[in-house]
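Colleague: Chains as they are written, first to last, in the working numbering: chain A, 8 to 344; chain B, 8 to 344; chain C, 8 to 344; chain D, 8 to 344; chain E, 8 to 344; chain F, 8 to 344.
Among these hints, one or two may not hold up.
Since the list can't tell identical chains apart, any single copy or any two copies may satisfy a pair.
Below, a list of computed lysine to aspartate or glutamate pairs in the EDC-like style, where the Cα atoms sit at most 16 angstroms apart [stated by the list, open to error]:
id : residue 1 : residue 2
1  : Lys271    : Glu82
2  : Lys187    : Asp92
3  : Lys160    : Asp238
4  : Lys185    : Glu161
Derived by calculation from the structure, the hints in this document are not laboratory data.
There are 6 protein chains.
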Amino acid sequence: MVSLGEVLLRFDPENERIHTARSFRVFDGGAEYNVARGLAKVFRRKTAIVTALADNALGRLAEDFVLQAGVDASEIVWRSGGGTDTRNGIYFIERGFGLRAPASCFDRANTAVSQLKTGEINWHEIFNQYGTRWFHTGGVFVGLSETTPEVAKEAMQAARANGAIVSFDLNYRDSLWKNKGGREAANAVNRELLPLVDVVFGAMDFDARLSHFDAEKFRQAAEKMLSEFADLKIVCSTLREVHSASRHDLSAVCFRNGEIFKAKSYENIEVLDRVGSGDAFASGLIYGLLAEKDLQFAVECGAAHALLAMTTPGDNSTATLEEVENLMQGASGNVKR
Amino acid sequence: MVSLGEVLLRFDPENERIHTARSFRVFDGGAEYNVARGLAKVFRRKTAIVTALADNALGRLAEDFVLQAGVDASEIVWRSGGGTDTRNGIYFIERGFGLRAPASCFDRANTAVSQLKTGEINWHEIFNQYGTRWFHTGGVFVGLSETTPEVAKEAMQAARANGAIVSFDLNYRDSLWKNKGGREAANAVNRELLPLVDVVFGAMDFDARLSHFDAEKFRQAAEKMLSEFADLKIVCSTLREVHSASRHDLSAVCFRNGEIFKAKSYENIEVLDRVGSGDAFASGLIYGLLAEKDLQFAVECGAAHALLAMTTPGDNSTATLEEVENLMQGASGNVKR
Amino acid sequence: MVSLGEVLLRFDPENERIHTARSFRVFDGGAEYNVARGLAKVFRRKTAIVTALADNALGRLAEDFVLQAGVDASEIVWRSGGGTDTRNGIYFIERGFGLRAPASCFDRANTAVSQLKTGEINWHEIFNQYGTRWFHTGGVFVGLSETTPEVAKEAMQAARANGAIVSFDLNYRDSLWKNKGGREAANAVNRELLPLVDVVFGAMDFDARLSHFDAEKFRQAAEKMLSEFADLKIVCSTLREVHSASRHDLSAVCFRNGEIFKAKSYENIEVLDRVGSGDAFASGLIYGLLAEKDLQFAVECGAAHALLAMTTPGDNSTATLEEVENLMQGASGNVKR
Amino acid sequence: MVSLGEVLLRFDPENERIHTARSFRVFDGGAEYNVARGLAKVFRRKTAIVTALADNALGRLAEDFVLQAGVDASEIVWRSGGGTDTRNGIYFIERGFGLRAPASCFDRANTAVSQLKTGEINWHEIFNQYGTRWFHTGGVFVGLSETTPEVAKEAMQAARANGAIVSFDLNYRDSLWKNKGGREAANAVNRELLPLVDVVFGAMDFDARLSHFDAEKFRQAAEKMLSEFADLKIVCSTLREVHSASRHDLSAVCFRNGEIFKAKSYENIEVLDRVGSGDAFASGLIYGLLAEKDLQFAVECGAAHALLAMTTPGDNSTATLEEVENLMQGASGNVKR
Amino acid sequence: MVSLGEVLLRFDPENERIHTARSFRVFDGGAEYNVARGLAKVFRRKTAIVTALADNALGRLAEDFVLQAGVDASEIVWRSGGGTDTRNGIYFIERGFGLRAPASCFDRANTAVSQLKTGEINWHEIFNQYGTRWFHTGGVFVGLSETTPEVAKEAMQAARANGAIVSFDLNYRDSLWKNKGGREAANAVNRELLPLVDVVFGAMDFDARLSHFDAEKFRQAAEKMLSEFADLKIVCSTLREVHSASRHDLSAVCFRNGEIFKAKSYENIEVLDRVGSGDAFASGLIYGLLAEKDLQFAVECGAAHALLAMTTPGDNSTATLEEVENLMQGASGNVKR
Amino acid sequence: MVSLGEVLLRFDPENERIHTARSFRVFDGGAEYNVARGLAKVFRRKTAIVTALADNALGRLAEDFVLQAGVDASEIVWRSGGGTDTRNGIYFIERGFGLRAPASCFDRANTAVSQLKTGEINWHEIFNQYGTRWFHTGGVFVGLSETTPEVAKEAMQAARANGAIVSFDLNYRDSLWKNKGGREAANAVNRELLPLVDVVFGAMDFDARLSHFDAEKFRQAAEKMLSEFADLKIVCSTLREVHSASRHDLSAVCFRNGEIFKAKSYENIEVLDRVGSGDAFASGLIYGLLAEKDLQFAVECGAAHALLAMTTPGDNSTATLEEVENLMQGASGNVKR
């Protein structure tokens, strides 16, 4: 599986606030990368990340994380890391607690990956070499610059030509779009790309709050997307209710071939860090499909993985496949020794 | 705004217990100081603390905190810091967890601030120089020694003479009073001072448990205070229910001119550290009044600030005004990125 | 009070996972030792641990913990600590969070204590010297090797001969028994020893989930045990419901002389680290009996101590007797200052 | 005293390397700011920093540091902190150890301060308001962008017009200049500004290695500068020999009115973190002059402060004036208790 | 061996400074206690500390340290720990680095131990019960208050009556004496007690700098003391040269019966934390004498222990007897594995 | 390049001692693995480790480190991780300071890797697949058990058959051999394998102290080895002088074809952690040869890498190739920014 997107360094003040902290832990992150990371580290699939990094100490720190995750780092494009023109993306995030919401401060202007252009990456070689069965990218990557939507399109076309399934996450980041047209502009770009997509994460025109879930409305929203984009086969979404930063309800839902698959609902779940749980859902669901399980398994697997991703610090899950399966089977949280 | 009270160093074993810890984080604290700190750091008002410190490394550490908070440190009275006669106040506090209650160990005997005497501070210069609009002190400061009630009285008189509003927090500390007459003695001192007070935090003869809240009883208690102290205009109180050290219900209530203003109730709130939330309420409410909002805004602002103060370690809030306002408007705890 | 069992070093990745951690805190643990530790540190009783350690830096670290706990370390048998044949026991444990269950990885093969043999310890001297009134051991120790059940029997016989009460915890560890007969084999060993036991922790053939508690069924299970083992006087058990790793219900129950004593039920308790709470129950109950309180006090004391043990990191409680008593009397978790 | 320059956030992996770290401490830094900070925190002079920051969580973190340092933060120009166009400057630095040299990775493109333009700051008000006696800026600030040299010139002219002494540090940063003409271009900019300078830190055409120090050569270099820039009165420089990242020799030298003032030489000094020691020299020397000590005192004070700055982590010294004076008087490093 | 003195809690900012720290590690300390601790933990001798503590969380933390050290805590006198009148002693200490000297801030007014009075402690029972062979106290304890010299005298007399050797460390603390007569007053108190002493640490009228060591002058100083105090048998002293806080020369010297015993000199020794090395010398020397080694062994053992105590944080050594012996035999600092 | 050996988890108490620590950092280590790690992470060569691990959380932690190092983890043989019979190797190490020597406590009995047997690994596939040019193993691996020497021989034969150069490090570990014949037995095993070796690290019968270095004696020792083992081409050794745990002299020497190549000598080098510096020498030298530099470059590269490895915590270097080259060219330890 190959993913295209930014590898970010996440600076996290843990229990403190960004604006008063005196130290930060650092993690790896980046929406599209997180999906590849989950598949590699948790689900033990071979994955590679296609991205660009400035070749300085921060870029090498990002590589150190990619390697630790077991994601193939050999397709990273290294740019000269002088520091002024071409940067590495970083973000600062607080995970929140109780009534204090998570907060973030992104610093990703002029990053190497945002400067990627079509023609720079030999996609056919990549898809061939790895016998790639799945390609993933999403709305964060295509929001990075003017050129990234074209790079995404180029990759998707190559993926399809090489027989890989294409997935896309509609992820919208206001910090990327607010100065260039907002959600409407983002949607316009997404619409350019969705004709090349098989599986989409995020359902347009759909209220994803769990307590508002209505199977009929989801069916309508999904069918509308499928009718608009002929090659689209699966529409999925997490369902979530935020009681506080520390307590959520979570489920997920999926649509294919006129049929709805809904994961069981988890209520009043203790949340340590919600960031990245949507990406964890995506990797769990993709795992199910790559492992040729049925779609009910896939959506339950995605939901269970998303839940476990919220129980540890950082964007990414530290779960094992066995833990995901135990949770899918209703494990009680009891200790085994 | 000028506050009179002790700046304490708080030693906090975080997840450990005081009696088995091997390291302590240090924070700033002190009930009256916390109010000035909240107004400065969160609500961006100019504030100064009037206090005394022994001039040694611990005193300079306290000053380091005051500066970081953005509170004016130039009115600190520095005493010779030999260490034996004149100390700096410290306290050890555990924030508790679940059924394990918070616990504290105060070590504030013979502190520089407790040795303050009338005539030492040029109050008129202070109130003039800063164009001070508000003066705050409270029951902790006046419980420190025999001389501090007189210093408080002197300051209040000067404040009133200079047109500043005077607020007073009835805060009772058993560790200060248990050897010199207990709550009754404390009340006697408070009664000496309340004739000089405009806004009082804490309502006498009132059960402040949220589940026991009865508007009529609060009205009676408040009116009784107003009738006893002719210049008193506002009586406020937090309302709280402690389910466990980690879970509270919280609201607040205020009385003026025969009218009750009650903040909305927040239930089953996750609590990280409750210490200082009463002071946070005070600074939020004072902010509302200084910013010339109505009293309903002020009491909601105080409650929201108190809630946010309970979501981070230390006595004091790390919130921003924007976060307080978001919470007042019902923010869901969702991440923005 | 004298306990016989292994002193383990617990390596704990705190908020991280074992398989991705870069640092570990270390604690002391070991089921039977934990009981002696609780009695010494919390309940201020004189206790000693009988165990064996390899004499190397890890063994001395274990001794450092035993001393800190106030448990007498002079009955530790020191083996040559070359490292290859005779090891010290360690375990890695994650406390879990929310839907992520606690997890462990024991590494206790070939430990010095598992190599103890009958005749090596002068039990009569030990029981005499300390005027020992209570002896405790349990199912973990007797599961360590082929020789440890005989050592336990030898100790129990000496204890009884010296007038000490004998307690035994049925604790079953699958990691110890899965390669040598499982629970059935463990029960066979326990049955060899129960004729020498006065107080047993754990009730055979009894569903210990709090929501399934049925006084009649407990009576039957307890009476069956008492009828099988003539000298057995008291059967106790914690009652527990695991909602998530972070939220439990807890109570406890005890049977003596046809009478059931049930502690009050605590529901939806915030849990930081559940490991060791069963041992904390045992030490609380034994304290009650050693202090000649009635059995209702003892079972409430055990339950309260178990609850407090779950509010701090590590196997063991950091509570004080005063805190246990406050909780037994319904303390609200309010701060005292 | 007023300083003009960037306030940077310094991310420091402490004993680790940037490219493998998992956490970073954060400090404040920035060459010109460090001088103001030293004067405020160590030498207890009133100072203000003129700079610009993007108004986001990172900018507020920078402000938190400025406040803690006791530097007046009210002249900070706040820019909209959207994050893409206008950033806050950060840098990553390793302090090195033994044969491993310090290393850095600057990320200061498009910072708010680099976008400052003439006419934006009311310099006359600033110099008047504070009764400013000294103005400082330097080669780092003027290297930030095309506009900053003009801002520096504007400030210097206003300073001189208001009777303040002007100092300038020739600090050269290759990371700022390598793409726009290197050291030659930097010198050209400096030469534009030196006609407005009274005291210059750094001597052109001078070998600053302590072992190569030759009073005659220094005299020639200093006199050449004084002859080129008529208003220049004092030329100073540290003298240094780097044996390893952990061991330096250090001294300093100063020239005025044909006379050389050389501080005593400190040899084989243990170094924890050398970064910022040049700025510490500047603040110590300026203190001497502001306090109206003689120039020999000033250069010794600068050298002693530089030495103490190298004994703690971070750019800045944590020394007290008393410690600086003790070291100037030959203190032995003995403990006082 | 029994020691009489204060158990202090040491708050240590590690690499930071007290006046800017945000966390502190805590250690145990106290000059006379440190000697008992070294004998117990390093040299594996049975020791007890006689002291008094206020019974609050800080006092229990001090007890936790005493237990961990393996020192008998059962002779601690517990005072009511209200906090105002009777405190526990704490001190803040920085270990220094290079040219930055160690610094301290003691806060030990009104401590429980300073309030000890004659008649409160049953010395004969203590000396009998433990079969005590050695009693130690010193100049810090006797400087605590007006009553402590009398308590020391009472203890010394009882010790001698019970056949124990009495040692005394002349340790002078300016912070204790500066307001009550300084070094002269301290010496007057010491002279009252020296008639009861067998072994004295510290030689009056002797320059203890290693580079100034002159055997003849030491002989004169020692003989003068022996002639003044008839029962005094041994006079010892460390010899030290402080190049910087991080680099010392160290040796030690001893006089008995007209004969000088000098340990070998260690030069340019790397020092992490020098505090407590004098106490470590005392415990090493006492060990040598208790173990009936010759005086040359004892003084070498003391010096080697002092050196090892300077290689770890905290007042006290973490060495093992084997390490002390290896160093005495000239171990090269090579790793064994 | 392929290496055969154990991947150990290193538990490191940092500034503390193993026997009193309360937390440990964890690193990866293992002599033969370290060589592969250095080549991958520092010198950017493709390397793989052949080893066996028990499949439990500790084994997966070891894998996490291998991945982070950029070493291929796909040739790890995973054993069932029950925990009792088949363990993962761990060791505890203190890096020492000044006169306190490094100390260690190995716990590697019954590890999965020690149970490797001939016939289990398809060496020809491994050497073919990776086009392996170099194979490394050494005296630690062959000392693990009775079977490992045979596994090493099998691997060496396959390596030679596939045209790879074979290197072997004579590393002797007393903890492995003391119960089975000591150094003599180790040498006997080594002599069995040296006929298959091209490059040997460690010279028999040679005093490796730098101050004792005598070119003629080294020539004799090397020639004796070459004459005994016909295929041996290169004999290398570090040269070292240990002044204290914190200060070494270091150099290295190499012999080939009658010619001696000696690296320059580095004196009085500050050492943070010496463990693993011999392995770093090996990887630097192998890099030189793989990169087809001359032998003088190779031995200088090895020495420089060894020096850098001693400036950071952990067994392994965090250097970059650029840093190694800078040091070889005499870099002064100055900061670049």
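Colleague: Now, for every hint given, state plainly whether the structure supports it.
Modeller: Results for each hint:
For a Cα distance limit of 16 angstroms, the shortest separation of lysine 271 from glutamate 82 qualifies neither inside one copy, at 38 angstroms, nor across copies, at 39 angstroms. In this assembly of identical chains, the alpha carbons of lysine 187 and aspartate 92 lie at most 16 angstroms apart only when taken from different copies (13 angstroms versus 21 angstroms within one copy). Only within a single protomer do lysine 160 and aspartate 238 lie at most 16 angstroms apart by alpha-carbon distance; the minimum there is 15 angstroms, versus 57 angstroms between protomers. Proximity of lysine 185 and glutamate 161 under a CA criterion of 16 angstroms is satisfied in neither setting, with 26 angstroms inside one chain copy and 36 angstroms between copies.
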